[in-house]
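> Each chain is listed here by its residues.
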Amino acid sequence: MIINGVTIDETFAEAFPMKGTRLIITALNAKWAMISAQAFTGFATSVIACGCEAGIERELDPSETPDGRPGVSVLIFAMGGKGLAKQVETRAGQCILTSPTSALFSGLDNSEKEIALGQNLRYFGDGFQISKMIDGKRYWRIPVMDGEFLTQEKTGVHDSVGGGNFLVLAESQAQALAACEAAIEEMRKIPNVIMPFPGGVVRSGSKVGSKFKALNASTNDAFCPTLKGQTKSDLSPEVESVMEIVIDGLTKEDIDKAMRVGIQAVCDLGAENGIRRISAGNYGGKLGPYHFHLQEIMA
Amino acid sequence: MSALTFTLKTSPAQRVDCSPLTADKLADKTAAEIAAITLVVGNQKVRTDEIFDIQGEDVANIHFAKATDKLDHIGHAMATGKITVDGDAGAYLGQFMAAGDIVINGNTGVYTACEMKGGTIKINGNAGDFLGGARIGYKNGMTGGTVIVTGNTGARTGDHMRRGYIFIEGNAGDYCGSRMVSGTIAVLGKVGKHFGYAMKRGTLLLTSAPEQGISANFNDCGSHTLAFLPLMFASFKKFDTKFAEIEPFSRVQRYAGDVSGIGMGEILIKI
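Sequence lines, in order, name chains A and B.
In terms of our numbering, the first sequence opens at residue 1 and continues consecutively.
In terms of our numbering, the second sequence opens at residue 1001 and continues consecutively.
Since the hints were derived computationally from the structure, they do not count as laboratory data.
Since the model is a prediction, treat every value here as computed from it, not as a measurement.
Worth double-checking, as some hints may not be accurate.
Straight-line C-alpha distance at most 27 Å; calculated DSSO-like pairs for lysine-lysine [stated by the list, open to error]:
1. A/Lys137 to B/Lys1200
2. B/Lys1045 to A/Lys137
3. B/Lys1082 to A/Lys137
4. A/Lys213 to A/Lys189
5. B/Lys1117 to A/Lys113
6. A/Lys137 to B/Lys1029
7. A/Lys189 to A/Lys228
8. B/Lys1045 to B/Lys1082
9. A/Lys257 to A/Lys189
10. B/Lys1025 to A/Lys137
11. B/Lys1242 to A/Lys137
12. B/Lys1117 to B/Lys1029
13. B/Lys1082 to B/Lys1200
14. A/Lys137 to B/Lys1237
15. B/Lys1029 to B/Lys1045
16. A/Lys137 to B/Lys1139
17. B/Lys1066 to B/Lys1029
18. B/Lys1193 to B/Lys1238
19. B/Lys1066 to A/Lys137
20. B/Lys1025 to B/Lys1045
21. A/Lys82 to A/Lys228
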């Protein structure tokens, strides 16, 4: 398959099951809601070493938030429910509770499975915390130095998908980066997904395993342009730079949509902008049960 | 189907225990079986059809017509359906109620919503003493649900209340929120003496400062903008009450008490 001079490889991206939740962070103004959300989703690019993958889904208008203030919705994913609960609790405690004027709500209500949100953070109130049941949901009012930190007690957990991806193969770093930026801009319009790496783009895609026993992932040498003559390379001579976009989503269908608009945005730039191929992180079935076939997605 | 209607034949001289007449207990019963249900009247047991004219068949929609304050235990432990009372109701209306709706177009007696667990009671009139309270000797009053009173309430409203909401559009009697464990009581009118007496936790929300001032057992915590109030006001919108119509506010003067006890309750007054 070739779109606008860009070859779409006959391959698939491998993804794996994760547990995810959506949180809504509000603040006195949009600036501080974003600061809090950025802190919460920091150092959350890959479960390999961060314990979770998290990102900002979108900004929320005051009319869309529970307390009528400006907000940001974030998605956070981990390999299991317990891991997710731990990450949510520590990050909320250190990054949202601490952030001026913030409040924290579940963005996934009425789920069958739930994890603690403010349930344990309340103890920060040292006995002065106040519980309020509003519309059947429990909230905690925790006294803090700037007033009260309001947080919902629990948030829902969704069976999610992590690690959807595609690779952009270009003639130069600058062209690969420009294409990825165009893709990310379009993909951020799709709900229920995040691209957890810095700016949504990862330049150090990994393969499963390593020659070093301590590591379970290592550089994807087949796509490293400087190793064309040293390893079993998957790159043609004219490809000088490869970048990857990783997508986590609440459902496989959400990732399908995000990949479609992202790949399309890259292909719109086309061969004339140095884009040669679109490929994917295919690990021969070692990584996970979800397979995103590039040509099917773009059909 | 038309509402199952119980119309009082004459005003009873003795108190009538109406607890068997709820949707849960009347489900799958024939008209004859309903008519034959025995009610405790004073120290007698009397057939339902000796006290009431019975019409209609929809047990999920029960109607008491020409009701008087002798009819006790209406909606006792009901878990489904709707009860409408035209006239006054006696004591213990909605006691142990778990779900459903009760509407009273009249006044209610003592211990309305006593130990209520869920559902909604709307009183288009006044409520007696111990609204939403606990039985004598018991430690937990209302543990859920919503009570709306368009008129005034008697003394000890929300005594031992543990959870849920009481909306009072008129005035609250003396000792409002006494011994309250948690939950919220909101008052649009005036409050009587000693409100919040021995309050442990919970919220008394007032839209105007009491004329008599605040008890010495409550300490002024200053004026604040509280983020939970807009959420709470938004949740009021679904109820048929003036509280659904008032302009939401989050700026309040906060008083904490009763400091003669654990002092974790609060009185919030709109500023």
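> All the hints need checking, so say for each whether the structure fits it.
Hint check results:
Between A/Lys137 and B/Lys1200 the alpha-carbon distance is near 22 Å, which keeps this suggested pair within the 27 Å criterion. Between B/Lys1045 and A/Lys137 the CA atoms are separated by roughly 44 Å; this puts the pair beyond 27 Å, and the hint is violated. Proposed proximity of B/Lys1082 and A/Lys137 is supported: the alpha carbons are some 24 Å apart, at most 27 Å. Taking the CA atoms of A/Lys213 and A/Lys189, the gap is about 40 Å. The hint is violated against a cut of 27 Å.
The straight-line distance between the Cα atoms of B/Lys1117 and A/Lys113 is roughly 25 Å, inside the 27 Å bound, and the hint therefore holds. Pair hint A/Lys137 plus B/Lys1029 does not hold up; C-alpha atoms about 37 Å apart against a cutoff of 27 Å. Between the alpha carbons of A/Lys189 and A/Lys228 the distance comes to roughly 36 Å, so the proposed pair goes past 27 Å and is violated. Our distance criterion of 27 Å between C-alpha atoms is met by B/Lys1045 and B/Lys1082, whose separation comes to about 26 Å.
Taking the CA atoms of A/Lys257 and A/Lys189, the gap is near 10 Å; set against the 27 Å cutoff, the hint holds. Straight-line distance between C-alpha atoms of B/Lys1025 and A/Lys137 comes to about 30 Å, which puts the hinted pair past the 27 Å bound. A distance of roughly 23 Å separates the Cα atoms of B/Lys1242 and A/Lys137; the hinted pair therefore holds under the 27 Å criterion. Note on B/Lys1117 and B/Lys1029: the hinted pairing holds, with a Cα-Cα distance of about 26 Å set against a maximum of 27 Å.
Our distance criterion of 27 Å between C-alpha atoms is broken by B/Lys1082 and B/Lys1200, whose separation comes to about 33 Å. Between A/Lys137 and B/Lys1237 the CA atoms are separated by roughly 16 Å; this keeps the pair inside 27 Å, and the hint holds. Restraint check for B/Lys1029 and B/Lys1045: the C-alpha separation of about 20 Å stays at or below 27 Å, so the hint holds. Using a Cα cut-off of 27 Å, the hinted pair A/Lys137 and B/Lys1139 holds, with the two alpha carbons roughly 24 Å apart.
Using a Cα cut-off of 27 Å, the hinted pair B/Lys1066 and B/Lys1029 holds, with the two alpha carbons roughly 24 Å apart. Between B/Lys1193 and B/Lys1238 the alpha-carbon distance is near 31 Å, which puts this suggested pair outside the 27 Å criterion. For the given pair, B/Lys1066 sits about 39 Å from A/Lys137 by alpha-carbon distance, which is inconsistent with the 27 Å threshold. Our distance criterion of 27 Å between C-alpha atoms is met by B/Lys1025 and B/Lys1045, whose separation comes to about 18 Å.
For the hint pairing A/Lys82 with A/Lys228, the CA-to-CA distance comes to about 42 Å; that exceeds 27 Å, so the pair is violated.
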